[in-house]
Structure formats: structure tokens, C-alpha cells
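Colleague: Listed below, chain by chain, are the residues.
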Amino acid sequence: MNIKKRIVLLAIAVGAMFGLGGFTFYYGEGLSYLSTDPKACINCHIMQSQYDSWQKASHQTAATCVQCHLPQDFPNKYISKAENGYNHSRAFTLQDFHEPIMITTKNSIILQNNCIICHEDMTHSLVKSHAADPNAVKCVKCHQTVGHGEPVGLGGPIQEHEKGGIY
Amino acid sequence: MSENSKLGSKAGIAVIVVVVALLSAGIAALLLNIFERKVESKNPYVRLVEVTENDTDPEKWKVNWPKQYDSYKKTSLSTRTRFGGHGGSEALPEQKIERDPWLKRMFKGYAFSIDYRDRRGHAYMLEDQEQTERQTKPQSGSCLHCHASIMPLYAELGNGDEIKGFEETYKYSYKDLNNKLKDMGHSYPVSCVDCHSPETMELRVTRPGFIQGIQALADSDAPTPHLPSVEQWREGSRSEPYDPNLHATRSEMRSYVCGQCHVEYYCGSDMKLTFPWGNGLKVEDLEQFWDETTLSDGSQFYDYTHKETGAKILKAQHPEFELWSQGIHARSGVGCADCHMPYMRDGASKVSDHWVRSPLLNINRACQTCHRFSEEEIKERVDAIQERNFNLLQRAGASLMELLDTINEARAEGATDKQLQEALDYQRKAQWRLDYIAAENSMGFHAPQEAARILGESIDYAWKGTIAATNWNKVARNVKK
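If you're matching them up, the sequences are chains A and B in order.
Per the working numbering, the very first residue in the first sequence carries number 1; after that it's consecutive.
Per the working numbering, the very first residue in the second sequence carries number 1; after that it's consecutive.
Treat the hints as calculated values from the structure; they're not laboratory data.
Take the hints with a grain of salt, since some may be wrong.
In silico EDC-like links for lysine to aspartate or glutamate, alpha-carbon gap of 20 angstroms or less [said to hold, decoys possible]: (1) B:K350 to A:E99; (2) A:K39 to B:E40; (3) B:K67 to A:D96; (4) B:K60 to B:D221; (5) B:K350 to A:D96; (6) B:K379 to A:E29; (7) A:K141 to B:E377; (8) B:K104 to B:D405; (9) B:K350 to A:D37; (10) B:K164 to B:D270; (11) B:K42 to A:E29; (12) B:K67 to B:E40; (13) B:K38 to A:D96; (14) B:K38 to A:D52; (15) B:K42 to A:E150; (16) B:K67 to A:E99; (17) B:K315 to B:D303; (18) B:K38 to A:E120.
Some, not all, of what chain A presents toward chain B, calculated at C-beta under 10 angstroms [claimed, not checked]: (19) S32; (20) H45; (21) S49; (22) I79; (23) D96; (24) H98; (25) K106; (26) I109; (27) L111; (28) C118; (29) D121.
Idealized CB from N, CA, C, for every residue including glycine.
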């Protein structure tokens with residue numbers, strides 16, 4: 001077989017790969033992961049309760065998923081995105097992760113940094129110098145509910161303000 | 001071209017073929033994986049067969065809800081925790097009364113002194129009841145309220161009115177009613193239809209005992225901060241009775257379905273099966289309810305006469321729903337199913353784990369959703385609570401034995417029933433509280449502080465009784481108590 005034939009063969013193979021791979025990427029909504037839309041985070045439904053609870057929490061009007069959970073600077077944002085993206089898709093494909101899902105140490109440092117970026121004026125003297133120290137006091141240790149609401153699972157009791165003359 | 005390069009080119013093509021084949025297989029597998037997850041998230045279930053109120057056989061429901069069914073079937077597996085459950089052999093669980101001798105003595109005069117074993121899973125509820133040696137004494141048909149999928153039989157007995165049918169069943173013997181059930185083809189343990197509407201699969205309560213009990217609770221003024229829909233109903237016009245299937249929140253239903261059975265009740269043959277909730281859900285509310293209830297012969301309500309002392313005793317069943325209602329989890333809106341049937345993930349779909357079991361065997365799903373500690377830490381915290389409760393329970397048992405001994409001694413010295421009346425009344429009170437915590441299936445965990453309060457009262461009453469029995473001869477022979 002001459003070189004030309006081999007190139008054609010290789011081209012067909014690579015083309016088929018691109019086609020199949022491209023379609024899979026499209027079908028898996030790959031492009032959405034380059035956006036900042038919180039809906040992209042529930043493509044695979046694992047984060048559904050995190051998404052739902054975020055919508056009920058105070059930060060719903062202030063910050064989206066990536067504003068708290070990804071570094072804000074280039075290129076760290078994309079490095080973190082790639083790393084988490086790889087971890088999440090591997091875990092979901094192989095279905096072998098710990099449940100309930102919990103934030104990793106690395107990601108909790110990113111989160112802490114993001115708390116400080118917005119609330120710097122108020123927290124400056126409290127935590128700034130310790131942001132990367134994993135043992136430092138974390139904002140969410142006390143302000144647990146700001147991102148994802150009260151940890152009462154799904155449902156929870158009727159609150160006083162929700163009571164109305166239904167019956 | 002030389003032979004070598006020909007070979008080389010063939011090998012090169014072979015490598016390309018293999019690599020491309022592997023890659024495309026990998027991508028196709030990923031594509032199918034994504035497809036599968038998408039389908040799972042779109043259709044929680046596919047209704048392939050119609051199910052109705054009369055389909056008590058869970059096998060039929062399996063066709064539509066295989067994931068739930070699979071975990072439901074696991075209730076036949078034996079599980080064990082430090083303080084509960086049954087592990088090991090296929091045989092009946094070991095005798096609880098052999099392990100704690102004070103239990104046996106406490107139940108003298110009652111069928112539980114014949115046979116009282118550790119619990120097994122839902123799958124065994126009917127079989128274990130058919131086999132218990134307590135059946136050597138005639139038992140009431142009321143028992144089947146909770147041990148079988150009985151609603152179609154209630155409907156038949158009441159000519160369509162399930163409540164009316166239910167109110168007749170205490171008159172039947174257990175064996176007769178169970179045979180009727182078998183003849184109708186409904187001889188199954190708790191089944192899908194008992195908690196789910198066959199049309200919508202929504203949670204619903206079916207058991208008349210619960211419906212009447214919770215209505216009585218709603219009608220009372222007992223505070224129910226853990227049941228917001230009851231408080232809400234009370235604020236309304238009350239023109240219609242409180243209806244759990246209509247008024248309760250989804251969250252409450254996740255406890256109500258369990259409260260259909262995991263409660264204190266009367267299920268003998270003197271009157272219909274009764275949940276004693278008319279004064280509230282605390283141990284003394286239930287006691288007051290029984291104290292105010294009269295049997296058909298006009299005497300004050302009691303479950304059995306204690307064989308040694310002659311005291312009229314109240315037997316506690318398994319008041320899980322009641323003890324839970326006094327605890328911090330209930331107060332925080334956490335229901336039975338949140339811990340005993342937590343949500344689990346199956347691919348991209350969310351399923352309630354129908355393998356109802358101790359949360360200690362499922363800590364990551366049951367506890368860690370809210371409590372962000374390691375499994376070991378959570379386990380140790382629970383263990384600390386249960387061990388304290390266990391130790392206090394043993395003390396309360398010992399105190400009661402002291403009371404029984406003292407009453408026996410007084411009798412030997414010639415004390416009359418009247419002279420011992422005060423001691424016997426205390427025995428009823430002490431034993432009710434002790435049994436309440438011993439029979440409740442959480443070793444105090446459902447409401448630790450409340451359990452300790454109840455055991456504290458039990459110990460107090462046992463010693464008050466002991467003092468009264470010691471001083472029997474200070475009471476005049478014919479005193480009217």
C-alpha cells in the first residue's frame with residue numbers, strides 16, 4: 001500500500017472518530033460546560049438538590065455556581081474547570097463516588113477565596129491572611145446556609161411565614 | 001518495496017485498525033452511557049401493567065417499579081446493629097426475654113412471657129406472627145391490621161366501607177381472619193398498596209387505626225409542633241375532620257405511613273384496635289388515655305394481670321412514632337423515611353431506599369446528608385446515646401424487680417389487695433414507662449432526653465411502690481383507695 005492510500009485510510013479513521021466523538025460531545029452537551037450557566041451543573045442530575053437548594057438560599061440573587069466554586073482569575077479558572085470536569089465525568093461514568101457528595105479540600109479553599117473576594121471589606125482583618133490554610137476558620141462553617149439553605153434534606157417543615165388559610 | 005516494509009505497512013494498518021476500533025468502541029460506550037443516564041432522568045418509571053387497590057401482591061408492582069421492589073425485597077436479609085436486629089441464621093431470632101430476665105418476669109401473665117424475640121425485617125412480619133408461640137394463646141384478628149396487606153379484606157367485611165369492616169375484625173380470632181385473608185389471596189406482608197396510591201404512586205395512609213388515632217390527636221389541644229399540618233387544621237373551621245391524606249405535607253407523609261403501625265395501640269379482643277392519641281403523644285398522655293378507657297365489663301383498662309402481684313398492667317407495643325415525636329429530629333422536620341428509607345441514587349434517577357433498616361447500616365445516606373462528620377464519628381455519637389439509654393434501662397429493670405420482690409414479701413406477710421393497692425398502682429406506672437422504652441425500637445435514640453426522663457420516672461415510681469409495699473401494714477385493712 002502506498003503512502004497516499006495510507007493517508008486516505010488514516011483520514012477516514014480520524015474523520016470517523018471526529019464524527020462519533022463530536023456527536024457524543026454535542027449529545028453530552030459538552031459546550032454548555034464552557035458557559036457560566038448554573039443549568040450546566042445539573043446536566044447529569046447529581047447536583048440537582050444542590051441546584052434546588054441554591055435557588056432557595058440567600059446567595060441565589062448574588063452568585064452563581066461558578067462564582068463561588070471556581071477561581072476568578074485566568075488561567076486558574078480553566079485549570080480548575082478542566083480538573084473538576086474530568087473528575088466529575090469520570091465519577092459519573094463509572095458511578096464510583098462517595099455519597100452524599102462532599103466538597104474536596106482543594107475546592108473548599110477556592111470557595112473560601114471567593115467568599116473573601118466579595119466580602120473583603122468586612123472580613124479583611126478576620127481571615128484574609130489565612131485563606132489558603134486548610135485549618136483556618138471557614139466562612140461557611142458558621143454561614144452554612146447562605147449557599148444551599150438549611151440542611152433539612154428534601155422537604156422540611158412548613159415555616160411560619162408559609163402558613164396560610166389553605167384549609 | 002522490500003518484504004520488510006510490506007510487512008511493516010501491514011502491521012501499520014493493523015495498528016490503525018485496532019486503535020480506531022478501540023477508540024470508537026470507547027466513544028460509543030460513553031455515548032450509550034450518556035444516553036442511558038438521560039433516559040433514566042426523563043422517566044422515573046414506566047407503567048407497563050395497571051395496578052389497583054386489590055393488587056396486594058408486590059410481584060405485580062415489581063414490573064413497574066423494579067428499583068423500589070429490589071430494595072423492598074432486601075428486608076428479608078438479616079441485619080444487626082449493636083442494640084437491635086437479628087443477624088446470622090435463617091431461624092427465628094433469639095429470645096429477647098432470655099437475655100434480659102427482668103423482661104420475662106415483667107410480662108408474667110401475658111403471652112409475651114412465652115415468646116418475645118428480636119425483630120426481623122418487613123418481609124417476615126406475617127410469617128413471624130403466624131409462627132410465634134404466643135399463638136398458643138388465642139389472639140385477636142386485630143393483629144392483622146399491621147401484619148398483612150389487609151385493606152381488601154376490610155373492604156369486603158364492611159361491604160365496601162373499609163372503616164366499618166375494620167371495626168368488626170377484633171371479634172374474629174387471629175386464625176379465622178388470617179384464613180379469610182388467605183382465601184381471598186391477600187396473604188402478603190406490608191405491600192406497595194399499603195402506602196402508595198395505585199393511580200398516582202403518591203404516599204397515602206390506609207390503616208383505619210392510624211386515621212382514627214391522628215384525628216383524635218388533631219381534635220385534642222396537645223401541642224404538635226412537629227406536625228405543622230395538624231396545627232394548621234386546628235386554626236381552620238374544623239368542619240371536616242383532619243384527613244392525613246388531604247391535609248398532611250409530603251414531609252409528614254414520610255412519617256405517617258410508618259406511624260400506621262410503629263406505634264402504641266390496643267389490639268385485643270375486647271374492643272376495636274385503638275391508637276391512644278386522644279390526649280397527645282407523650283408517655284403520660286397515652287397512660288391517661290388508657291386510664292380513662294373502660295373495658296366492656298366496666299373495669300378500668302388493662303392489658304393483663306401480673307401473675308405474681310395481681311397488678312393490672314399496661315403493655316407497651318412499639319411506640320416509635322410517639323417517641324420520635326418528642327425528639328429533636330421530629331422537631332426539625334426530619335421524618336421516618338428520611339433516615340430509614342433515605343434517597344439513594346441509581347444512575348441519574350433518585351429512588352427511596354425501600355430496604356427499611358437501621359440508619360446505622362446506611363450512615364452516609366441517612367445521616368451525612370445533614371451531619372457533616374465521618375461515619376465513624378456519627379456511629380460513635382449514636383452509640384454513646386444508646387449505651388447510656390441501655391444502662392439506664394437495666395437500672396430501671398432492676399428497680400422494678402425490687403418492687404416485685406417487696407410486693408411478694410408483703411403478700412407473704414399477709415398484706416391484702418387493698419393494703420397493697422398503692423404499690424400495685426405504682427407497679428403499673430413504673431412498668432408502663434419501663435416497657436415503653438424497652439419495647440421502643442431505637443434504644444432511646446428517637447428522643448434521648450425524653451427516653452431518660454421516662455426511665456427516670458419509672459425508677460422513681462418503682463421505688464415509691466417499694467416504699468408503699470414495705471409500709472403495707474400502716475394501711476388499714478379495709479381502707480378505700
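Colleague: State for each hint whether it applies.
Modeller: The hints, checked one at a time:
| no. | hint | verdict |
| --- | --- | --- |
| 1 | B:K350 to A:E99 | holds (13 angstroms) |
| 2 | A:K39 to B:E40 | holds (18 angstroms) |
| 3 | B:K67 to A:D96 | holds (19 angstroms) |
| 4 | B:K60 to B:D221 | violated (43 angstroms) |
| 5 | B:K350 to A:D96 | holds (16 angstroms) |
| 6 | B:K379 to A:E29 | violated (41 angstroms) |
| 7 | A:K141 to B:E377 | holds (18 angstroms) |
| 8 | B:K104 to B:D405 | holds (14 angstroms) |
| 9 | B:K350 to A:D37 | violated (23 angstroms) |
| 10 | B:K164 to B:D270 | holds (17 angstroms) |
| 11 | B:K42 to A:E29 | holds (16 angstroms) |
| 12 | B:K67 to B:E40 | holds (12 angstroms) |
| 13 | B:K38 to A:D96 | holds (18 angstroms) |
| 14 | B:K38 to A:D52 | holds (19 angstroms) |
| 15 | B:K42 to A:E150 | violated (28 angstroms) |
| 16 | B:K67 to A:E99 | holds (18 angstroms) |
| 17 | B:K315 to B:D303 | holds (6 angstroms) |
| 18 | B:K38 to A:E120 | violated (41 angstroms) |
| 19 | S32 | violated (13 angstroms) |
| 20 | H45 | holds (4 angstroms) |
| 21 | S49 | holds (8 angstroms) |
| 22 | I79 | violated (23 angstroms) |
| 23 | D96 | violated (12 angstroms) |
| 24 | H98 | holds (7 angstroms) |
| 25 | K106 | violated (17 angstroms) |
| 26 | I109 | violated (17 angstroms) |
| 27 | L111 | violated (14 angstroms) |
| 28 | C118 | violated (23 angstroms) |
| 29 | D121 | violated (29 angstroms) |
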